[in-house]
Structure formats: structure tokens, C-alpha cells
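> Now for the letters of each chain:
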Amino acid sequence: GAGVSQSPSNKVTEKGKDVELRCDPISGHTALYWYRQSLGQGLEFLIYFQGNSAPDKSGLPSDRFSAERTGGSVSTLTIQRTQQEDSAVYLCASSQDRGLFNEQFFGPGTRLTVL
Amino acid sequence: DAKTTQPNSMESNEEEPVHLPCNHSTISGTDYIHWYRQLPSQGPEYVIHGLTSNVNNRMASLAIAEDRKSSTLILHRATLRDAAVYYCILRDPFDGGATNKLIFGTGTLLAVQP
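Protein chains in written order, with the numbering used here: chain A, 1 to 115; chain B, 1001 to 1114.
Since the hints were derived computationally from the structure, they do not count as laboratory data.
All values reported here derive from a predicted model rather than from experimental measurement.
Ideal Cβ positions, reconstructed from N, Cα and C, are used throughout, including at glycine.
One should not assume that every hint holds.
What the hints assert, rightly or not - If you only want the chain A side, here are some residues facing chain B, beta carbon under 8 Å, derived:
#1 G42
#2 L43
#3 L91
#4 F106
Whenever a hint applies, use it, and build me the whole structure from the sequences.
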């Protein structure tokens, strides 16, 4: 079956521009997570959705970062006024619900480069 | 969150067993031990998890020390495809936020030689 998909796979942007990253979770998965992976920080949690609501936004690094999820499915991570330190691979994961025993399935990521 | 400590890197030969250690001396009684791995240029993937007893699945085995302060992921016959970064992660089902987000450490980079 289809796994988690993300688009675009690569995004190059200029400092100060806004970017949108998309995640299509596995059908039926109610929990959705965004992480990012950068050379300096490793893999870090950004935000968690249960359905369309985001009860945990504790990992968003600044108010330039926001995310939404519609219809309990697709999610979009938006970064406004991008900075060079935003360069990273942004990973999306989904699971059947937030239960401990439900493994998270990760997408291939979007590699963001801010020039 | 309780912290885990893993070696930065390990090497193995193809078709030999690999034992990847993880120390978690501050583990709480309700923490489960999870392992994920990340193949090159891919997102992480689940490998195995356990609480107290040793666990086996089609990918690997997990051996947990009696005091639970350490565990070992065992790949019985390493293949070239097993070359990846392996992450040992503690997850508490009773944490206040209960989001079950994954807290990744630096992991162990496993190199498999043909």
C-alpha cells in the first residue's frame, strides 16, 4: 500500500521567501508528526496533529513556522521569511493514533536549502 | 525524558551477527525501549520495541538487561542493506503530553563490509 509521501522532494529558496511543504499521511492514520533533521541538531520534533488539531506545537522553533492539517489527512508546514538556519530535511510521519505501540511511518522528507 | 547513550559508530561484516548497545541508566519503570533505523537518504523506520522481556521479530531481536539500564539490538545476519543509523529511544505511555513523539539521540552509524 501507499506510504507517507512528501512534496516537493527538494526545495531551494532565497532567504526571506516563504515556503510550503506538504505531507500526505497513510490513509486512516489519525496522528501526524513533523520532524526536521539538520547537521547541527540531529532529528528533532516540530509538531504533532491528532486529527485536525495540534495539541503539541512545542518543537516549532519560532513563530515563522506554522502547520495545518485539513480533513484529518494532508498537512502543510509553512515557513515564513526563511533563514539560512532553516536549511534541513523536513520529515513527516504518521501513525494509526498516538498510541505508544503504534509505530510511526516516515516519509522520504523534503530537503530545504535556503540560499 | 530519560536519556540514552549509544556508540557513535560500529562496523560489521556481511552475514555476521551485530550487537548494537544502548545504555539508559535513568530509565523509568514505565519507559518502553524502541529502536528505529534510518537508511541513507530515507526517513527513519521502526525496528522493534520492548519493556522487560526479550523480543524477536522478522527484522531483529531486542535483549533487555534484567535491571533495564541497558539493552542490545541484535541483527542476526547483517546484510549490506542494514547499513544505517540505529536509534535507541525511550517512550513513556504515561507522559503528560501523551503525544508519543519520538525523541532522537545521535544514534549509532552501522557500516557493513562485504
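> Each hint should be assessed against the structure and marked as holding or not.
A quick look at each hint next to the structure:
| no. | hint | verdict |
| --- | --- | --- |
| 1 | G42 | 6 Å, holds |
| 2 | L43 | 4 Å, holds |
| 3 | L91 | 5 Å, holds |
| 4 | F106 | 3 Å, holds |
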